[in-house]
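Using the sequences and the hints, build the whole thing.
Protein chains: 6
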Amino acid sequence: MQLTGKMPVPLLAFGAHPDDIEFGGGAVIASETRAGRAAHFVVCSRGEAGSFGTPKQRMAEAKKAASLLGATIEFVELDGDSHLEIRAAHAIKLAGIIRRIRPITVLAPSLIENQHPDHWRLGKLVRDATRLARYGGLKELRGSPRHIIDQLFYYAVTAEAEPTDISPVLIDISAPEILATWTAAMAAHCSQVSALNYIELQLARAKLRGLRAGTGHAIALFPSDPLVFDSLSKTLRSARKF
Amino acid sequence: MQLTGKMPVPLLAFGAHPDDIEFGGGAVIASETRAGRAAHFVVCSRGEAGSFGTPKQRMAEAKKAASLLGATIEFVELDGDSHLEIRAAHAIKLAGIIRRIRPITVLAPSLIENQHPDHWRLGKLVRDATRLARYGGLKELRGSPRHIIDQLFYYAVTAEAEPTDISPVLIDISAPEILATWTAAMAAHCSQVSALNYIELQLARAKLRGLRAGTGHAIALFPSDPLVFDSLSKTLRSARKF
Amino acid sequence: MQLTGKMPVPLLAFGAHPDDIEFGGGAVIASETRAGRAAHFVVCSRGEAGSFGTPKQRMAEAKKAASLLGATIEFVELDGDSHLEIRAAHAIKLAGIIRRIRPITVLAPSLIENQHPDHWRLGKLVRDATRLARYGGLKELRGSPRHIIDQLFYYAVTAEAEPTDISPVLIDISAPEILATWTAAMAAHCSQVSALNYIELQLARAKLRGLRAGTGHAIALFPSDPLVFDSLSKTLRSARKF
Amino acid sequence: MQLTGKMPVPLLAFGAHPDDIEFGGGAVIASETRAGRAAHFVVCSRGEAGSFGTPKQRMAEAKKAASLLGATIEFVELDGDSHLEIRAAHAIKLAGIIRRIRPITVLAPSLIENQHPDHWRLGKLVRDATRLARYGGLKELRGSPRHIIDQLFYYAVTAEAEPTDISPVLIDISAPEILATWTAAMAAHCSQVSALNYIELQLARAKLRGLRAGTGHAIALFPSDPLVFDSLSKTLRSARKF
Amino acid sequence: MQLTGKMPVPLLAFGAHPDDIEFGGGAVIASETRAGRAAHFVVCSRGEAGSFGTPKQRMAEAKKAASLLGATIEFVELDGDSHLEIRAAHAIKLAGIIRRIRPITVLAPSLIENQHPDHWRLGKLVRDATRLARYGGLKELRGSPRHIIDQLFYYAVTAEAEPTDISPVLIDISAPEILATWTAAMAAHCSQVSALNYIELQLARAKLRGLRAGTGHAIALFPSDPLVFDSLSKTLRSARKF
Amino acid sequence: MQLTGKMPVPLLAFGAHPDDIEFGGGAVIASETRAGRAAHFVVCSRGEAGSFGTPKQRMAEAKKAASLLGATIEFVELDGDSHLEIRAAHAIKLAGIIRRIRPITVLAPSLIENQHPDHWRLGKLVRDATRLARYGGLKELRGSPRHIIDQLFYYAVTAEAEPTDISPVLIDISAPEILATWTAAMAAHCSQVSALNYIELQLARAKLRGLRAGTGHAIALFPSDPLVFDSLSKTLRSARKF
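Chains A, B, C, D, E and F supply the protein sequences, listed in that same order. Quick note: the first sequence uses the numbering used here, first residue 96, plus one each step. Quick note: the second sequence uses the numbering used here, first residue 96, plus one each step. Quick note: the third sequence uses the numbering used here, first residue 96, plus one each step. Quick note: the fourth sequence uses the numbering used here, first residue 96, plus one each step. Quick note: the fifth sequence uses the numbering used here, first residue 96, plus one each step. Quick note: the sixth sequence uses the numbering used here, first residue 96, plus one each step.
A few of these clues could be false.
Claimed, not checked - Far from chain B, by Cβ distances over 10 Å, these chain A residues were calculated:
{"id": "1", "residue": "Val-104"}
{"id": "2", "residue": "Val-123"}
{"id": "3", "residue": "Glu-143"}
{"id": "4", "residue": "Met-154"}
{"id": "5", "residue": "Lys-158"}
{"id": "6", "residue": "Thr-167"}
{"id": "7", "residue": "Ile-192"}
{"id": "8", "residue": "Ile-207"}
{"id": "9", "residue": "Glu-208"}
{"id": "10", "residue": "Val-288"}
{"id": "11", "residue": "Val-323"}
{"id": "12", "residue": "Arg-332"}
{"id": "13", "residue": "Ser-333"}
Said to hold, decoys possible - Derived contacts from chain A toward chain B, CB cut-off under 8 Å, selection only:
{"id": "14", "residue": "Met-102"}
{"id": "15", "residue": "Ala-184"}
{"id": "16", "residue": "Gln-246"}
{"id": "17", "residue": "Ala-254"}
{"id": "18", "residue": "Val-264"}
{"id": "19", "residue": "Glu-295"}
{"id": "20", "residue": "Leu-296"}
{"id": "21", "residue": "Leu-298"}
{"id": "22", "residue": "Asp-320"}
{"id": "23", "residue": "Pro-321"}
Bear in mind the hints are in silico, worked out from the structure with no lab data behind them. Glycine included, C-beta positions come from ideal geometry on N, C-alpha and C.
As structure tokens, this is what we get:
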């Protein structure tokens, strides 16, 4: 499941814990891979500080979930679960990964601080990393060609983590196969979902977003920077139905 | 130049004065009509309170500018220039126009209040009108079939009018023909541009937006509601280059 | 069902249309009346501009819903459905009702403008009315004794109407009887709920709020002014569980 | 004065310097202990970087002030006065204290950054610590049972530190004994109050809050998360009198 | 006390009720007139809806207060106390006054809506009026030469009315004569201050602002638009002392 | 070019990289030194992580640019380009520089995080340093007399870095000599400006600000704390012309 090829991967998602990408944005991944675009996950801890599951179990669950979503996965060790700090060295390490994967789109956890302390710290590290990936003089990354991504989107692991200072864009995930794949990927995190109603919570969030947008289910993503379009016809649908 | 056909028009733009659409969003209109999508303007005063130009001159200038931009145009009288008030009757009248034109996209001036008092009032009236156009029981509109637009975007006539609580989307208007058409449409408002450096100001705004986005020129629009996409690949470019 | 008694009523709720109170805050009403506190509804139109239902039907539905919730109800005519304007005379009329009912707590629709134009206008009118109810010199209200309410809370008819600049307080409505009563009251608006999935939407909102707060279901209210407590022990629970 | 008992303590307050709790929230502590609820202080430096007072003096002043307020106190060394940094190890250490004290309510300095750099850093560390106290797998805290607090409130050491993005709740501290106790506790910090008008400033803040709320004096606290109530009658008073 | 001369008046202050200017910004007026700059008041109601004082009394009190502050005064009737509405005709009438007085600086009540409904409405009318005063084609003002003011500042009648989205500038009013003059001008409103502690409240506000700024007393004003300086040395002092 | 004298220097500007001060605020420096007020630059890296230019080249360019602007310059090593972290030791080191230079006004990069990671980190370090410079007990700074600055202004290296939560003040830099000096100082950074259109971007920003303010060119600065004035006449001009 380790990424080995040399081809650029269109979508690169970072998670602080083995289940964050799946719970916060798994349906978007399912939607992209189903459309034939490759996705790669970078998980930055083994979830060893959680109340449930061993690191070994949690890594296995993450691998299974990534596989269900059609994504490749790798683990990178920063400071460990619940110990993440904002260090320049971490941002540079993540910038090195971005240069290796060469993604078009990057997903990272949102920056709202009133949530798990690892989430927003990783979000800030990824934001800085996407910028450092462009700077030619970083000696740690010498030999690795500069890379400019097209977009950075934040996902919110919980509703509390949704930014209020960025207008969301909604990704329609109403197709039954997408919902089923997403649910399966969340359920793959057995150690977590047996104890709490996380899956129910995420499906409720997505359904409420979908109902509000006049569709079945939807996931809100939060672009770090303004989107650029050549034409208004590229932005046809909007979300207000009530 | 009056709209007479029965075909739905994809793009409907509202302006409070004869030159507002051109100065605030003319380049976007040029871009859309150049791509073959029809546009229609609704101008809600004859500019009679301005310091320069007679109503007759200003209407003629607006017609010429619309023609240069490839758009049809009509004038609707609400309370008159600098006299606009927020009245339910106005919103209903504008809703009637929306039902007649049946647009996919609507453009309206932004809601920031620290600008010409007619601008934000018209923005609020249009926002309400897009909603009222959906309600079946409005007796003033009986006989006119309900219509649901896909999107409402706000444009900012000046930099001061740009909202800070909505993330902008940028429309790339770098093509030389678009810039030339836009400039000509602004210049058509002779009575206004002879006195002040409005054209220079708008081109400087668009150029600065473009430089920041790594392109030539760009116009920021502000969506009233979240955009909905089926796929991340529809939102490929973003604006941060510095 | 008309309020006739002379006793102060602890809870007074204003709605712009016959179903707004029920959909936006019905569960809170059910919870209060179940605890023995009287509630009174003031509905400010007969819903005549909606796509479904006649005014007569809608008034009957509202009366039935209020009855199910254990509340009294009255209708007041301002400008009519979808025609509401912000007029001093309206605020004074509502202030007169407040002086007659003498409530401790007042509920009004939230002030966010990107929703039905009647909702936020009524919210602003009620906000002003609670203030005018205190001023002794208003000649229209001469003879009616001044009244100071204890609190004004805003409710959000839809998720889009939730303010982002006021911290919510959550009312726990998890008791099965409360949920059942609320659902029945919403269902009493047959003309509305047959066409759209409003009940499903509101239950999804309340469930998501509840899950996030570690309880079953909850409704967010938004206090107009800071709450005052004698002791921290009065404010024991908070909402973050994820 | 060191906390030795095994009983949970309802109220736990963190301060970055020996006088922060007293100046920012002392009256609330006085109000709670007067009502029979135990309070404990954790002071995270000895104030050794201040312009006035030796560490020994300042610790003695803090002990005296805590005693006057009816609270127990302990000192914990993090990085030292004016040297505090946001480190995962600090948050975990504070989480350990929370697990030991098992508080219902926690008070911490507010997160606004334009104040003494130790204040907001400690606020963020406490916020993270209240969350980490819930996670079962943290190896540093093995053996210490998980603990979930009911509420986290921020206090503002100065008016500049009051958040503008959280609605305050006001605690009425008008009782003369509370004011006297609070003033005495502030005056116990002789080394600080001889040089500057800190007491006058805090009393002016509390009086202005009280006047605005229609009472004598009040302290604003800022809840980290939404408050949850079973009933509107629990939230009876609000603050607007002007 | 009616303004009769033809000289431009540097400072023009608008108030919704006979005592608003004095309570919200009287000390600034005292400071300016003491420095030899003329000030003129425009009061837009006779305070007839207040709980205390007759219109005749209140006008006499306002005249006396203006005289104490060294300002001239006139009354203009719009819709009457507690009946003010936002009408284009009102803004044009106020624009006419601005053209007649030709002020450099204008003061108006702040735009925050959660206060007396006349306050923010007047603020919005004045804001629009300062703009309309510049437009040459307004037929109601034909014959009156266009006028461009240099600055519009908002004052806050109460602490609740202070904007949070505009950075304040502080005017130092610590000179004993300024404080004495201000206090006398507030006290001139006998009908109001006998009943409530308004003077105490305003002095507490000004003292707290002053203490925070390292001076005696200060008043916060909120500029409508960015201030322009030729040099940093014009902006020497700032307010943070704690 | 190293600062050796003992005289206080009125203006102290901090930059994260050799060209930041020039690009973000060079025209303000030119304006101040031209008026006879000395300025000093502290540059906190040698720009060694950039894509273009060697550290040696970049330091030489910075010295030349400072000289053109009439400023003295020194380099201080913190963590190195793109490696800056928020450490208490850095803030104390910068506080030591502030105590040595004894400035009236300090300039620092803005705190907006969505830009080069060194910019906002340096801004936060400087903000903290201006506070630590006042505290007498810091053992690292023993022997260095406490210093209180009058003002801290943030400058924005790019338009993206402009704060939206602080109202800007504009410095008029329209004088041709100021513009020429600024342009020359930017052009002195040959290694940077040959590759990208930075000068064009900055001039476009300043021109747009100037046009909006009714003058030629202007630079926006963002005061950390409220400005204090003795009189309204000190704040004569404001920026809105459109």
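A:Val-288 and chain B, when compared Cβ to Cβ, separated by more than 10 Å: holds (26 Å)
A:Gln-246 as an interface hint toward chain B, with CB separation required under 8 Å: holds (4 Å)
Status of the A:Ala-184 interface restraint (C-beta, 8 Å, chain B): Violated, because the Cβ-Cβ distance from A:Ala-184 to chain B comes to roughly 24 Å (cut-off 8 Å).
Minimum Cβ distance from A:Met-154 to chain B greater than 10 Å, as the annotation requires: Given that every Cβ of chain B is farther than 10 Å from that of A:Met-154, nearest at about 27 Å, it holds.
Restraint satisfaction for A:Val-264 [CB to CB of chain B, less than 8 Å]: With a minimum Cβ separation of about 5 Å from chain B (threshold 8 Å), the hint on A:Val-264 holds.
Restraint outcome when A:Leu-298 is required to lie within 8 Å of chain B by C-beta distance: With a minimum Cβ separation of about 19 Å from chain B (threshold 8 Å), the hint on A:Leu-298 is violated.
Interface hint for A:Ala-254, Cβ within 8 Å of any Cβ on chain B: At 15 Å from the nearest chain B Cβ, A:Ala-254 fails the 8 Å test, so the hint is violated.
Interface hint status, A:Pro-321 versus chain B (Cβ within 8 Å): A:Pro-321 check passes; min Cβ-Cβ to chain B is 4 Å, inside 8 Å.
Satisfaction of the A:Leu-296 interface hint, Cβ to chain B closer than 8 Å: It is violated, given that the least Cβ distance between A:Leu-296 and chain B is near 21 Å, above 8 Å.
Claimed clearance of chain B by A:Thr-167, with the beta carbon kept past 10 Å: Holds: least Cβ distance 17 Å, greater than 10 Å.
A:Ser-333 non-interfacial with respect to chain B [C-beta, more than 10 Å]: violated (4 Å)
Interface hint compliance - A:Met-102 to chain B, C-beta minimum distance less than 8 Å: violated (16 Å)
Of the numbered hints given earlier, the model fails hints 2, 11, 12, 13, 14, 15, 17, 19, 20 and 21; all others are met.
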